[in-house]
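Each chain, letter by letter, is given below.
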Amino acid sequence: MSEPDTKTPPDGKNQPDVTIYSLSTCSHCKATKKFLGECTIKYEFIDVDLLEGDERKAIIEDVKKFNPRCSFPTVIIGDKVIVGYKEQEIKEALGLK
Amino acid sequence: MNAQQLYDMMKKVQEAKGYFFNTDRERVMELLESLLLNKQRYGYMGCPCRLLSGNRDQDRDIICPCVYSVPDIAEFGSCYCNLYVSKEWNEGKIPRDYVPERRPPEKMPF
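Quick mapping for you: the protein sequence lines, in order, are chains V and C. Using this note's numbering, the first residue of the first sequence is number 1, and each one after it goes up by one. Using this note's numbering, the first residue of the second sequence is number 1001, and each one after it goes up by one.
Hints in this document: simulated from the structure, not taken from any laboratory. Quick caveat, the model's predicted, so the values are computed rather than measured. All C-beta atoms, glycine included, are put in the ideal place defined by N, C-alpha and C. A hint or two may mislead.
In silico DSSO-like pairs for lysine-lysine, Cα to Cα no more than 27 Å straight-line [what the hints assert, rightly or not]:
| id | chain 1 | residue 1 | chain 2 | residue 2 |
| --- | --- | --- | --- | --- |
| 1 | V | Lys-57 | C | Lys-1107 |
| 2 | V | Lys-86 | V | Lys-33 |
| 3 | C | Lys-1011 | V | Lys-30 |
| 4 | C | Lys-1087 | V | Lys-30 |
| 5 | C | Lys-1107 | V | Lys-65 |
One-sided and incomplete, this derived list gives chain C residues near chain V with beta-carbon spacing under 10 Å [claimed, not checked]:
| id | residue |
| --- | --- |
| 6 | Ser-1034 |
| 7 | Leu-1037 |
| 8 | Cys-1047 |
| 9 | Leu-1051 |
| 10 | Leu-1083 |
| 11 | Tyr-1098 |
| 12 | Pro-1100 |
| 13 | Phe-1110 |
Isolated chain C, as found in the complex:
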């Protein structure tokens, strides 16, 4: 699978849930490439913006789209990576604040 195929597949699934890819196409394709790279490296598409442990079970909460993307998009209009965003975020109707890390420190195996 290449980044474009991943884009097309996820677009369908995520838009049905009301989540959209960031309209910054270059950034999105870069992140999708990183997801595919992580899949190759670790065997799962772990979040490109977080340090992965290499253990799928340990990182289950940060397999993209991560469990934190739902509350992050609800609160900030964007996931931690600015990959998935709300319609309003894309339209510039809400401020594009930096999304802080929501993953609890105790989940991090480091």
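So here's chain V without its partners, still in its complex pose:
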């Protein structure tokens, strides 16, 4: 998370950092991961339901900063926050047509 705003994926284009706060069981989270994979977007994800103890508490606090309702997926693309699997918004945030 401490890396600069952009990474260079294999195709040479810059893409913003993408992080998905997700649940391992959630259909919208799975759809989001699948969609980003199909777009060959690099992303990190954290399945919050699989965390325990202090780590879980800390990550929940992080999610709430981005999305006070703490719903999933919460997708962070650069400085944009997208709550839910919203293909169009994700594409726009990534600058995809």
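Model the placement of chain C on the given structure of chain V, informed by the hints.
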């Protein structure tokens, strides 16, 4: 119980109430597997699309089918997970909008 048995059981109960499984079979079976996994993990079939507390009483409103599925299906034609939907939603007669979280934040123990 496996996902197919859960499907057969819930289909009967829910269709009698006018609610139907999403015709996207793969998605439905995946969600039913997740419900069974949650039952194994927590002892109750909590909503797979929400973060569960592990406390049955606390999560009573989001045990599937959750209390929010009724107003969600009435308003959007689908529950939050797209598991249970209306006939019209399945038939493509209403737009498949993203269903926003209806559970009040104060119900969330996080």
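Now the hints, each set against the structure:
1. At roughly 17 Å between alpha-carbon atoms, Lys-57(V) and Lys-1107(C) fall within 27 Å of each other, so this suggested pair holds.
2. Of the pairs offered as hints, the one joining Lys-86(V) and Lys-33(V) holds, with about 12 Å between alpha carbons and a cut-off of 27 Å not exceeded.
3. Of the supplied pair hints, the one linking Lys-1011(C) and Lys-30(V) holds, its CA atoms being roughly 24 Å apart against a limit of 27 Å.
4. Using a Cα cut-off of 27 Å, the hinted pair Lys-1087(C) and Lys-30(V) holds, with the two alpha carbons roughly 25 Å apart.
5. Under the criterion of a C-alpha separation no larger than 27 Å, the hint pairing Lys-1107(C) with Lys-65(V) is consistent with the structure, at around 18 Å.
6. The criterion of a C-beta within 10 Å of any C-beta in chain V is met by Ser-1034(C), whose closest approach is roughly 4 Å, and the hint holds.
7. Here the hint on Leu-1037(C) is kept, as its CB sits about 6 Å from the closest CB of chain V, short of 10 Å.
8. Because the beta carbon of Cys-1047(C) sits about 9 Å from the nearest beta carbon in chain V, less than 10 Å, this interface hint is met.
9. Taken as an interface hint, Leu-1051(C) checks out: its beta carbon lies about 6 Å from the nearest beta carbon of chain V, inside 10 Å.
10. Taking 10 Å as the C-beta cut-off, the interface hint given for Leu-1083(C) holds, the closest approach to chain V being about 8 Å.
11. Here the hint on Tyr-1098(C) is kept, as its CB sits about 5 Å from the closest CB of chain V, short of 10 Å.
12. With its C-beta approaching chain V no nearer than about 7 Å, Pro-1100(C) sits inside the 10 Å limit, and its interface hint holds.
13. Here the hint on Phe-1110(C) is kept, as its CB sits about 5 Å from the closest CB of chain V, short of 10 Å.
When each numbered hint is compared with the structure, no violation occurs for any of them.
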